[in-house]
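**Q** What follows is the residue order along each chain.
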Amino acid sequence: MSTSVQSVVSQPYKYGFVTDVESDVIPRGLSEDIIRLISQKKNEPEFMLEFRLKAYRQWLKMAEPTWPNVNYEPINYQDIIYYSAPKQSEKLKSLDEVDPEILATFEKLGLPLSEQKRLSNVAVDAVFDSVSIGTTFKEELAEHGIIFCSISEAVQEHPELIQKYLGSVVPSADNYFTALNAAVFSDGSFVYIPENTQCPMDLSTYFRINNGDSGQFERTLVVADKGSSVTYLEGCTAPMYDSNQLHAAVVELVALDDAKINYSTVQNWFAGDKDGKGGIYNFVTKRGLCSGKNSKISWTQVETGSAITWKYPSCVLVGDNSVGEFYSVALTNNMQQADTGTKMIHVGKNTRSTIISKGISAGNSKNSYRGLVKVNPKAENARNYSQCDSMLIGDTSNANTYPYIQVQNNTGQVEHEASTSKIGEDQLFYFAQRGISPEDAISMLISGFCRDVFNKLPMEFAAEADKLLALKLENSVG
Amino acid sequence: MSATSTAVVQRDRYLADLLNQATLAAEGSSLSLASLRATARALVQERTFPSNRDEEWRFTDLSSMLAVPFQAAPTMDGATLAQATDLLQTLTLGEASGRVVFVNGTYAQDLSTLPPAVQVLSQTGTLPDELGQIQGGNEVFTALNTAGFTDAAIVRIGKNSVLEQPLQLIYLTMGHQLLVQPRCLVIAESGSAATLVEEFHGVGASFTNSVSEIWVHDNAEITHLRLQQESTEAVHIGKTAISQARDSRYRNTTLNFGASISRHNIEVYQTGTQTETTLNGLTAIGDKQLADTHSLVALNHPHGVANQLQKNIMDDRSHGVFNGKVYVPQQAQLTNASQLNRNLLLSPKSRVDTKPELDIVADDVKCAHGATVSQLAPDELFYLQSRGINRDQAQRLLIYAFAMEMIEPLSVASLRERMTQYIQQWTV
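Residue numbers (numbering that gives the first Met the number 0), protein chains in the order written: chain A, 0 to 477; chain B, 0 to 427.
Hints are not guaranteed to be accurate.
[What the hints assert, rightly or not] The list that follows gives simulated cross-link-like pairs (lysine-lysine, DSS-like), each with its CA atoms no further than 30 angstroms apart:
#  : chain 1 : residue 1 : chain 2 : residue 2
1  : A       : 276       : A       : 41
2  : A       : 137       : B       : 348
3  : A       : 421       : B       : 348
4  : A       : 377       : B       : 365
5  : B       : 158       : A       : 342
6  : A       : 342       : B       : 287
7  : A       : 225       : A       : 273
8  : B       : 324       : A       : 342
9  : A       : 53        : B       : 287
10 : B       : 365       : A       : 273
11 : A       : 348       : B       : 365
12 : A       : 60        : A       : 41
13 : A       : 377       : A       : 292
14 : B       : 365       : A       : 342
15 : B       : 348       : A       : 377
16 : B       : 324       : A       : 41
17 : A       : 348       : B       : 287
18 : B       : 348       : A       : 455
19 : A       : 421       : B       : 324
20 : A       : 292       : A       : 455
21 : A       : 163       : A       : 40
22 : A       : 348       : A       : 163
23 : A       : 292       : A       : 342
24 : B       : 348       : A       : 292
25 : A       : 455       : A       : 137
26 : A       : 53        : A       : 342
27 : A       : 455       : A       : 342
[Stated by the list, open to error] Residues of chain B placed beyond 12 angstroms of chain A at every Cβ, according to the derived structure:
#  : residue
28 : 64
29 : 92
30 : 138
31 : 349
32 : 389
Don't read these hints as lab results, they were simulated from the structure.
We put the CB at the ideal spot given by N, CA and C, even for glycine.
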C-alpha cells in the first residue's frame, strides 16, 4: 500500500517549459564592474550604486553558512549570470507592447496579463528573469494613493521611500545571501499603502526564471503606513534544466501603527528530477518588521518546489501589542531538501505570535522545521504558541524539528508542540469501505492535514494551493 | 592578529594546560591504561576548548573558566578528610548496601564500605574491556576525563542477580582550583536489576569533569538517580552514557541544584529491540547559576519506547538551558517516543534557552515533543488566595508542587526525604 501512496505524490512538473525570447544578458561572474554594469543598465541614482557596492564588499568578507540541514555541491558564484532581461528597445507604454511570447508564457501559467482578460480582482506584477514585465491595475491603485510598481521604477520615481526603507528590515550584511542579493538584485516589487487605506484588491507578484544560466535575485519591499492594510501574494515557477539555479531573494515588510500585512507565497520552483538532478536552490530571506503599535504581519506559505529550500519568514515584533503569524505547508518529495521555519522576535510589550507548520515528506526527501521564538528582556507579557506537525510518506524520507526557544522575561508564555504521523492503512481502508479510491483518500487526508494553513490563504490562492497539491496527487495509483 | 583568532589561541592553550594537568594526575595514579589514555590525549589535542560559536555550547558560556588555571588535585590531607567526613554525615542512605566515596577523584578507603557488586579500579588493577567503549567518547570533555581520571568505580551486577538495596556512589570535590575527574563504569549483565545512586557534592571553586558509562545488557533493569549538588562556586561538566541492549529498561532521574556552571550530557544508545528508556530531570537554580542539560536518545532498533520529562525552575538571574535530541532512523520502526520540557521563570532576570529536537526517518512511529515556558499561572495563584492562602505561601506551594512531580517518584525513600527537605528550604 505504501508504494501507492508513494506514487500518488510523485507527479511530473507542469511548468517546466522554456520560452524562446531574445535576452539581454551580461557576462557571467561577479565583480565590482558587473555591479556597476547592472546599476548602469538600470540607470540607477548614485545612492543605489553605493548600496550595492557596500553590500558586495561585505559579501566578500562573509562565508557561506553551513548550519542548515541540507547538502549540495558548492556553488560557483563566478559561473552565474547576474542579469538577464528580455530584449526590448525602449520603455513600454502599456502591457500590449510586451513580447507576445512572454504574454503567452504568463497565460500558460494561468496569469493573463493583457488588459481585456483581466477578470479577477488581483493586481499583478510579473517578473520574468531579472526584470518586471508589467504591472496591472496600476492606475486604479494610484487613485487610492497606493504605489504598486517594480522596484526599479520605484528607485527612479520614489527614491525617498526606497532610501528610507530599503535594507531597513533586512540589512545587507544580515547573512551571506542577503549581501549577495543587495549587491546584484535586479528587480522585484514595491508596494506602499498610504495612511488609513485598505488596499481595495489583492496585490500579487509572479516570478518566472527562464534563462538556464541566470540566477534570480529579486527584492520585494512592502510598506504599510499607519492604519492601512494589504494582502500580498507571491507565486514562482521555473523551467526544467538539469543544472541548478540559484534564487536568492529578499523580502522586507514594514508595518507601522495599526497596519496589517498578509503575505502569502505559493512556491513551485522546479524541484529537480526524481534523482535530484537540476532544480532551484531557493535561499531566501524574508522578514517583517512590526514597527508600529497594534500592527500585524502574517506569513502564509505553501512550499512545494525547489531542490533546496532555505527560508525563514520572520516577524520582529517591536511595536507594543503587535502580532506575528506564520502558517506553512512544506511538501518535499524525491531528493528535495527543505530547511524552513520562522523566527518570532518579541521586543515590544504584549506582543503575540502564532506558528503553525505542516511538513509532508515523501521519497528520499529531507524536511526540517527550524524555528526561533525569542522573548527579549523587555518584552512584557509576550505570548507564543507553536505547533509543528510532520507527515511521513514512506520510510526513506526524513522529518526533523529544531525549535529554538529563548526566553528572557518571566512574564512571557511560550508553548511549543510537535508531532509526527503517517497516512495509516486503517485510514485508507476506512475510505475504501466507503467507495473512495486510495488516490482521492490520500488527497483528502493531506488536504485535511493542511487545512489549518490553507484556511489562512486568500481565496484565489487557496484554490491555487489546492490545485497544486491535487496536481501532485493525480492519476497514479497502480 | 584579529580578536577572534587571539581568542582561539587562548582557548587552545587553556585546553592544552588542562590536558597537561590531567596527564600529570594520570601519571600520579597507579592505573595502567596506556593505549586508552594515548588515544584520548590525541583526541583532546585535536579539539579546541568550546566557545559560544559551537552550536553545542551556544548558550553555555565557559569563557569565565579561562581565567582559572585548574590544577591536578594533591593527595588528601587531614583537614580535607575531616571536612569530607562531616559532609558525608548528611548524605547517609539508610537503605544502601555500603557506599563508595571518591574524594577529588581518588578512592577514599577509610570513608567507604564496598558492597560486593562494586570494585575500585586502583585496587583490582584489571582493566575491564568495556571501559571507554560507549559511543560519544570523542567529545572533548569525555576524552579529557579518559586522559586523566585517577580512579574508577567498577560496578558489575552479575547475570540474573537482583540487588534489593541501592548502590551509593559519592564523588566529593574539596578545594580550590582543582581539576577533578571522577569515573564510573556500570555493567548490568543480562537479567540483572539494580538501583544506582550517584551523588556529586563539594566545597570550593573547582572543576569537576565526570564520566559514567552504563551498560544495560539483555533484559536488565537499571534505575539511576543522579544528584548534582556541587558548591555554588564550582564548575561541573558531567557525561552519562548508556548502552541499552534488547529488552532492557533504563530509568534515570537527574537532579541539578548546585554549581555556578553545570552541564550534564546524557546519551542513550540503543543496541537492541524493545528497550524502554525513561529520562526525568529537575533543575532548580538561583543567583547567577547556569544549568545546562543536553540529552540524546539514539534509537536504532524497532519497538523502542522513550519518555522524557525535563523540568527547570529558574530564579534570580539564573539561566537554564535544555537541548533534547531524539533520533529515529529508518530501522527504528514502531518507536514510541515523547519528550516534554517545562520551564518556570520565577524572576524578571531569569532566562531559559530550550531546543527539543526530533530527527525522524521511520514512518511507522509515534513521536511527539513539547516545550513550555511561563511564570506561575495567575489563575492558580488566585485560586489559592481565594482560599485564604497568602500570595507568598501560594507561590511557594505551586513551586513546590512543580518540583515534587520529579521528586515524589524517587524509589529510594531516604533520598526522597532528603530531596523533599531541600526543595522545601529552596522555595522559602
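**Q** Checked against the structure, which of the hints given earlier come out wrong?
**A** 1, 2, 3, 4, 5, 7, 9, 11, 16, 18 and 31
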